[in-house]
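Line by line, the protein sequences give chains A and B. Quick note on numbering: our numbering labels position 104 of the first sequence as 104, and the sequence is numbered without any gaps. Quick note on numbering: our numbering labels position 131 of the second sequence as 131, and the sequence is numbered without any gaps.
In short, the hints are calculated from the structure, not lab data. Fair warning: there could be bad hints in the mix.
[Claimed, not checked] Under 8 Å between C-beta atoms, here's a sample of chain B residues computed to sit facing chain A:
1) PRO50
2) GLN56
3) HIS77
4) ALA79
5) MET82
6) ASN146
7) PRO148
8) ALA206
Glycine included, C-beta positions come from ideal geometry on N, C-alpha and C.
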Amino acid sequence: MANVLINAPGTARKGETIELKALIQHPMETGFRPGADGRLLPRNIITQFTATWNDIEIFRMKMSPAVAANPYVSFFAVASESGTVRLRWTGDRDFSAEGSVTVTVT
Amino acid sequence: MRKLSVALGLATVFLASLAMAQAGKDQRRSGYQDMGPTLQKMQDDDTANPAMLYVQAGEALWTQKAGAADKSCADCHSAGSMKGVAARYPAIPPGGDRPVDLEGRINLCRTEHQKAAPFGAESEQMLDLSAYVALQSRGMPIAPPNDPRLAAFRMHGGQLFKGREGQLNLSCANCHDDNAGKKLGGATIPQAHPTGYPIYRLEWQALGSLKRRLRNCMIGMRAEPFDEDSEDYIDLELYLMDRARGMTMDAPAVRP
């Protein structure tokens, strides 16, 4: 499982717009770079990032080879109810990683 | 005429040093101070600083048992006892006759105490663990040991810093002493104080050691980099740490 760092406020007022930030360790190998032996290194990237709030999808993003290594994603959501925000990264070579935070809405 | 100019020169030197003494301000700047505010923010936020991903891995390695002795780092040391260690190295280990850097010290622990195979130079695991150890010294002043045996090595490091080499016939000092703060292309030339190693360098898209940074500079001046296990790295690091004595550690840092 890849290392993940998530930054989200633990509490929010109802209706407040909050920022969620996530960082994941991944080489994001483009598939266009030659290795030490001169042959192309096979592509190995994260292709999709999704976020769900209490199992309802709130954010989805497709990633391309142009995204740098260890991608950092920041997005906004409106806090409507307390619950768990689950972040999920999937990609080449059956890559899959998950992280979650709980947000208490008052 | 010659006498006059010497006198004038001396007076200028005197006035300059007087001004510096009066200002009482340290003229040294770390790479952190030379970065833009967005990068500084990225480094300051532990959930945005990509080096912290490696620290996470290093923390796991810290408690992982290894080798024939079946011991982890945590079996002998508390993480708190690592405070200031990265600010002190390179140093001469007990029973040794020449200095080792932090990475060398970690490998000594592995071979002597854990009876395990040493980590490869600049391997992922070595970077992870050294980032975790370096983090413990964050905010502390760089404090090289006052071991008289280090003087000769440090002097050699100083010679390496000031000596010209490579096809461009440059020395480290040409850029980092004489022209620091000016531009090289679009980038500001830093004063080259090793306050934040290992660093997450955006250009590398990865965490890298001081050795990698030094190699980078040597390739840039069309010089032949030191060999992977060369002692010159340690001597140069000794000189750089002494040059940065008292500056604040900000490891693991982000650099452009």
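**Q.** Structure versus earlier hints, numbers of those that do not hold, lowest first
**A.** 3, 4, 5, 6, 7
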